[in-house]
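*Asks:* Here's the letter readout for the chains.
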Amino acid sequence: MFDTCADPKTLEGLSWLLCYLTTGKHLAFYSSFFVVLALMAIVAPVALAFGFGGAIAARSPVLPLRWFGKAYTAMVRGIPDIVFFLFVPVVMDQGLEYLRYLYKCPHDGTPVWANNEFSVCAAAKLPLSTSPQIWHEVYGFTLAVIAFSIVFGAFAANVLYGAMNAVPRAQLETAEAYGMSPAQVRRRVLIPQMWTYALPGLSNLWMILIKATPLLFLLGVEDIVYWARELGATKSQLYDYPHPDWRVWYVLALLVFYLGMTKLSERVLDRLSARLSKGQATMAGEAQRKAAV
Amino acid sequence: MKKLILTAAALALTAGTAFANDVVRMGTEGAYPPYNFINDKNEVDGFERELGDALCEKAGLTCEWVTNDWDSIIPNLLSGNYDTIIAGMSITDERQEVIDFTQNYYPPAASAYAAASADADLMGGVVAAQVGTIQADYVAKSGATLLEFDTLDDTVAAVKNGEADAVFADKDALAPFVTEGGDLVWSGDDVPLGGGIGIGLRKSDTELKEKFNAVISEMKADGSLNEMIVKWFGDEAATF
Chain A
1 MFDTCADPKT LEGLSWLLCY LTTGKHLAFY SSFFVVLALM AIVAPVALAF GFGGAIAARS
61 PVLPLRWFGK AYTAMVRGIP DIVFFLFVPV VMDQGLEYLR YLYKCPHDGT PVWANNEFSV
121 CAAAKLPLST SPQIWHEVYG FTLAVIAFSI VFGAFAANVL YGAMNAVPRA QLETAEAYGM
181 SPAQVRRRVL IPQMWTYALP GLSNLWMILI KATPLLFLLG VEDIVYWARE LGATKSQLYD
241 YPHPDWRVWY VLALLVFYLG MTKLSERVLD RLSARLSKGQ ATMAGEAQRK AAV
Chain B
294 MKKLILTAAA LALTAGTAFA NDVVRMGTEG AYPPYNFIND KNEVDGFERE LGDALCEKAG
354 LTCEWVTNDW DSIIPNLLSG NYDTIIAGMS ITDERQEVID FTQNYYPPAA SAYAAASADA
414 DLMGGVVAAQ VGTIQADYVA KSGATLLEFD TLDDTVAAVK NGEADAVFAD KDALAPFVTE
474 GGDLVWSGDD VPLGGGIGIG LRKSDTELKE KFNAVISEMK ADGSLNEMIV KWFGDEAATF
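Protein sequence lines, in the order shown, are assigned to chains A and B. Letter by letter, the first sequence follows residues 1 to 293 in my numbering. Letter by letter, the second sequence follows residues 294 to 533 in my numbering.
Wrong hints could be hidden among the right ones.
Short, incomplete list of chain A residues facing chain B, as computed with Cβ under 7 Å [to be verified]:
1. Thr22
2. Gly24
3. Asn116
Note that these hints are calculated values from the structure, not bench results. Every residue gets a Cβ at the ideal spot worked out from N, C-alpha and C, and that includes glycine.
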């Protein structure tokens, strides 16, 4: 990165460290923090949407819809996350490539699944093997986002389902007495009031999501855990910057990052919780009212 | 916005050249110096990088390098994430049941034990090896207690912190830890293992296999492969 870094073996002390910390590999390490942040930023709203859909479906008067909502939460909550994280990307990848195979490949009788190989013609590959490496990475990341969203969506569905049931029945009855339709009751009374009940559960989920991001590493995405292991490993004289096993320092950096994320989240969630309790018939809302008088 | 334009441009480019020439995706581990490793510029480097690029050039192929964990390197080849394994993988009968290999581009190499002291108990103690390697198989059959790890680095760390009595791996890969680290010494005799190192391919990719076989023969004949081996592994390395 800097001109002075051209010959790293002659460097010493601080200038060595400066050059070391700005190698191409370290820059990739720093950008992988954004990969993790991007994952959280994308998964949180998508999982919330999945959860919302699941909760509404589970409360639906239509039987098949209710079955679907309940089956979704029960299934995902019952299967270990790690199994799901391994299963979803593989199935999606092969499923999508199989669909493309049906349209794009000549059907000359070559089997797709044979001798434990999965092979489709080059045109059906996703992404194409000719596309730049960045697309392969984006594709892998997308599969990871989908897997995370499905898993966290199921937990969010259960939290929101519980929160919807926790809204006092009297509130809904009053709305009905005013002549609101079921959809109006849901939109105007049920949903605005349920958030205060949902927040503790959702904030737990958010914390678990932060802590679950190292699973990206398992899915082959080069995340911060991958880089910490790679950069910390013993480097022989073959490398420009030889050093002994430094993994403990890199893992320490991750520790600080994750603790920082948790602390920040807690502060934001506390403020959100205070805001949502305003005017609610809950203990927190009551305490706020008394403090204001 | 800038990113958007870039991606649009990239999309337009890929759409245009999609079928112009086939790209062979070369899968490697990137954590086994000097065979293959990721250098400080974040590129795949090492003996196999240089060799692979030379082979691709001679065979007229466009190659792209991909890294994958050692643990899942064969399954991901079979599911088509990349087209070759060029990762210091020894040719063994067991692996040949699942995948195909080209002829060897590196002669059968010695494996060696490294330990904290030269008189470590290699046959009855705890020996660390990388998971899924021929060395791991060997340790399991030797009578020692096998301790498996995902990467070579983890196996060495296990010896340094006393979890294992010795580590057993390719001598070339283990050498820097002994000659530079100072904490480890060679222990016991070298053990010749495997049938040399070849490029792993899907069994259905016969055409690619023949292409690689032809250029490997060519490089063996003109001596350029031996030159490359000496460059990366030193004068004492076994050559063809």
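*Asks:* Out of the numbered hints, which ones does the structure contradict?
*Replies:* 1
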